[in-house]
Amino acid sequence: MSAAASTPDLSVQSVMKSFAGHLAVDSLSFAVERGSFFSILGPSGCGKTTLLRMIAGFSEPDAGDIVIGGRSMRGVAPNRRPVNMVFQQLALFPMMTVGENVAFGLARRGVGKAERRRRSDAMLERVGLGGAGSKRVDQLSGGQRQRVAIARSLVLEPTLLLLDEPLGALDLKLREHMKIELKQLQAAFGTTFVYITHDQSEALVLSDRVAVMNHGRFEQLGTPQELYYEPATAFVAGFVGSNNRVSGRLRASDGEVAEIETSEGWTVRARKSCAMSAGDHVEAFVRPEVATLERDAALLPQNQARHVGVVQSLLFDGANSAVLLREDVTRLEFRVALPQTGRLADLKVGERVHFSFDAQRAICFPHAARK
Amino acid sequence: MNSRIWQRRLMLTLLLAPALLWLLSLIVLPHLQLAILSLRERIAPHVYEPSLAQYRTFFAEPLYWQVFVRTAFISVAATALTLLVAFPIAWVITKVARARASALLFVVCLIPFWVSETVRALGWLILLRQTGVLPALLVKLGLAAVPPELLYHDATILTGLVYTSLLFMVVPLVNSLESLDNSLVEAAYDLGAGGWAILRKIVIPHAAPGITAGCIVVFMLTLGNYLTPNLLGGKNSQWFTELIYSQFIVRFNWEQGAAFGFLLLGLSTAIVAVGLRLSGQRFVDVMRRS
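Protein chains in written order, with our numbering: chain A, 12 to 382; chain B, -8 to 281.
No wet-lab data here; the hints were simulated from the structure.
Note that the coordinates shown come from a computational prediction; the quantities given were computed from them, not determined experimentally.
Accuracy of the hints is not assured; some may be wrong.
Computed cross-link-like contacts, DSSO-like style, restricted to lysine-lysine with a CA-CA straight-line distance of at most 27 Å [claimed, not checked]:
#1 K192(B) <-> K86(B)
#2 K146(A) <-> K124(A)
#3 K184(A) <-> K124(A)
#4 K146(A) <-> K86(B)
#5 K124(A) <-> K86(B)
#6 K190(A) <-> K124(A)
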């Protein structure tokens, strides 16, 4: 590996930004490898847009530095950065044709008219919009506009492409389709993508690495698999994928498995995420697909604690079908995935069922608020 | 079914009636009368015959058409100057200032219009006349030995006209700039454009209908203005509306005045048409979009 390839395309170093006393980005540091798809996932107001705008150059960090392609970006204006951005509402220029939109950046760099034309046509061809150059922007469909917005940025061959929730405005079907298309585009161009979103499924499907952001900090940075199977904090466990949350006090520990008792007296077992002692307030997370459901308690795995619940509603969604139970002791809602074989598809609302889960695959954290 | 269509037609007619009545009685009828007046010649007391004599006089007498051309030029200049002054103001109101400050700025632009144009023009007189505030200040600062006469120059007329027209340019500009999505400006900046390129490629094309509407309104107001050129320019102002006034009121030559009126109408229509053609816009679009 050459030296150039090993320097990260983006390196954010202790970056801080506050607005009127509110800390939007709190001394963040991370690096994004060349050619990777990096996502920042977080709820609205977590500071991800602020971070992206600082990388693009629309605002300056209060402290820290942003290094792109090995060059510090302090005092470098957005139009001089090797970075381009795909805006949330795409921000295509309505006063220009599709071709003029794509050629806009080239024209600003002083590329000649014929060459501009050639390059923008070639880029439109690559994103599957060959021959659309003379169309008006409002003649395109949502997905096509998306591709024009990406083409307009990629034609400038940026070191880094920033994407600010570009799928947010699309309807569900198109969003699913564009997700795949974005991933393929990124693979084809090999450009480093930094993508921000509040949609965990977008982040998991698209990214090589994901940072989960909350209150201006990264809760966890890792591969989608790590975030899903090894959440580092209660926030990540609750935000990424669906999860059942049970809070209570730690009663006893059996090696790395904790026994947690809720205030109503229900006991569940879950793996400890860190050292905890008896009496601590903790939160356990159990994924719906980790739990097993049976009408007959005897059919549940022998070594797992058994629980009882009443079917409250059936959530049929093909392969993602689940039932919502009301746990007997606590009256807590508990979501359990239905087997994909179609067994138990005849469950009725109001039926009493038994469920259990592997304590090793459930995880507990110190209670965030009462740490 | 038929009766419902009739009902709707009746409703529409009733709703439009005041506007139509207004147009007919105050615009169309007087103009018809003026048209007839301008196309006749008095050959003896109470004896008239159709003729183009009034229009012939206009072209034969250099003073008349020179004042006519001069009025057109100064009006175009005043319109351009108003646009240059109003654009930054509208930009600050819509894009720079926060909500409260921008409302305040808008009110500041509006306040002078609570005072009648006459009083405002007289205010300029107080400021600019030889014994006025500004000349005295210039002497005090040592910039002039004797108080200079600042009134009765073309520049003074131009200043007064820009001041009078400013609001009529700011309002359509604010409207059209408000609808400009900030992310378009940011996107252009992100794609490598500097301030000038953003203005030329994004802002002006977007605001074009507003700019055109503002220019049309200001140009027409300026061309037809009587008070400001007369008060600030005095006898030197040589404004075409003054010629019309003197034909009607001083000379009692209504035929000539009516002809001048029609020439002014033709002039403003022609210049607006040329302006629209040059900027590649259509009148209907401009009026609808701004």
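Here is what the structure says about each hint:
1. For the hint pairing K192(B) with K86(B), the CA-to-CA distance comes to about 17 Å; that is within 27 Å, so the pair holds.
2. Pair hint K146(A) plus K124(A) holds up; C-alpha atoms about 18 Å apart against a cutoff of 27 Å.
3. Simply put, K184(A) and K124(A) have alpha-carbon atoms about 38 Å apart, too far for the 27 Å limit, and the pair is violated.
4. For the proposed pair K146(A) and K86(B), the alpha carbon gap of about 30 Å is over 27 Å, so the pair is violated.
5. At roughly 32 Å between alpha-carbon atoms, K124(A) and K86(B) are farther apart than 27 Å, so this suggested pair is violated.
6. With a CA separation close to 34 Å, the supplied pair K190(A) and K124(A) exceeds the 27 Å bound.
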